[in-house]
Amino acid sequence: EAQVTQNPRYLITVTGKKLTVTCSQNMNHEYMSWYRQDPGLGLRQIYYSMNVEVTDKGDVPEGYKVSRKEKRNFPLILESPSPNQTSLYFCASSLGGTNPGVGPTYGYTFGSGTRLTVV
Amino acid sequence: TQLLEQSPQFLSIQEGENLTVYCNSSSVFSSLQWYRQEPGEGPVLLVTVVTGGEVKKLKRLTFQFGDARKDSSLHITAAQPGDTGLYLCAGAVGGADGLTFGKGTHLIIQP
Numbered sequence: 001e002a003q004v005t006q007n008p009r010y011l012i013t014v015t016g017k018k019l020t021v022t023c024s025q026n027m028n029h030e031y032m033s034w035y036r037q038d039p040g041l042g043l044r045q046i047y048y049s050m051n052v053e054v055t056d057k058g059d060v061p062e063g064y065k066v067s068r069k070e071k072r073n074f075p076l077i078l079e080s081p082s083p084n085q086t087s088l089y090f091c092a093s094s095l096g097g098t099n100p101g102v103g104p105t106y107g108y109t110f111g112s113g114t115r116l117t118v119v
Numbered sequence: 120t121q122l123l124e125q126s127p128q129f130l131s132i133q134e135g136e137n138l139t140v141y142c143n144s145s146s147v148f149s150s151l152q153w154y155r156q157e158p159g160e161g162p163v164l165l166v167t168v169v170t171g172g173e174v175k176k177l178k179r180l181t182f183q184f185g186d187a188r189k190d191s192s193l194h195i196t197a198a199q200p201g202d203t204g205l206y207l208c209a210g211a212v213g214g215a216d217g218l219t220f221g222k223g224t225h226l227i228i229q230p
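Heads up: the sequence lines are chains F and C, in that order.
Residue 119 is where the first sequence ends in my numbering, and the numbering goes up by one at each step.
Residue 230 is where the second sequence ends in my numbering, and the numbering goes up by one at each step.
Everything labelled a hint here was simulated from the structure, so no lab data went into it.
Every value quoted in this text rests on a predicted model; they were computed, and no experiment measured them.
Any given hint could be a false lead.
Taking lysine to aspartate or glutamate pairs in the DMTMM-like style, the calculated list, with each CA pair at most 25 Å apart, reads [unchecked claim]:
{"id": "1", "chain 1": "F", "residue 1": "K17", "chain 2": "F", "residue 2": "E62"}
{"id": "2", "chain 1": "C", "residue 1": "K222", "chain 2": "F", "residue 2": "E62"}
{"id": "3", "chain 1": "C", "residue 1": "K189", "chain 2": "F", "residue 2": "D59"}
{"id": "4", "chain 1": "F", "residue 1": "K57", "chain 2": "C", "residue 2": "E136"}
{"id": "5", "chain 1": "C", "residue 1": "K222", "chain 2": "F", "residue 2": "E79"}
{"id": "6", "chain 1": "F", "residue 1": "K71", "chain 2": "C", "residue 2": "E160"}
{"id": "7", "chain 1": "F", "residue 1": "K65", "chain 2": "C", "residue 2": "E160"}
{"id": "8", "chain 1": "C", "residue 1": "K222", "chain 2": "F", "residue 2": "E1"}
{"id": "9", "chain 1": "C", "residue 1": "K175", "chain 2": "C", "residue 2": "E136"}
{"id": "10", "chain 1": "C", "residue 1": "K222", "chain 2": "F", "residue 2": "E53"}
{"id": "11", "chain 1": "C", "residue 1": "K222", "chain 2": "C", "residue 2": "E173"}
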């Protein structure tokens, strides 16, 4: 089954304790991205990646790191989590654009989400 | 950051009624997508529109992309309780940019 798999689904942690949320896709997609979703703010992009070893900041990258060493994996790293990073996180992937330079026109496949609480 | 504004923010109607939700921006998008999200789950892609003026139909759902590629609408005919959910529009500027999402329309269809 074609899917984006995130782990864990739920995580409660303490301030300052490094954590990694994993994301893996089995569709050979080039684009991958991380979003956070907060009430009243909607989905905001944290980081995205066009391909292996190519990553770029989204709208809210502060406090997060990513890496793209393999095409299928795109982990999200919080080096020193803080309570304001409590949120619902989604990983997404996309085949890419139909034409160069037109972005992810095929649309994104999202994971089921990771609900993170930092106390 | 390209801003996408969705309206209405909340909509509650009776089963069988028709409705339209809107997605507007001052930016021009190379493509625009609509997603539906249920509580506790990730958004699921409904449609992608690419050409200005394009109209796509998905059963009782009709999607339209504005001629100038700055806005879009989603029309639902004869709404059913199963249509309940959060409807999100998302725009792609192209190139290296990812998707920018609107805040969504919370739709409730009452039996």
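If you test the structure against every hint from before, which numbers come out violated?
4, 5, 8, 10
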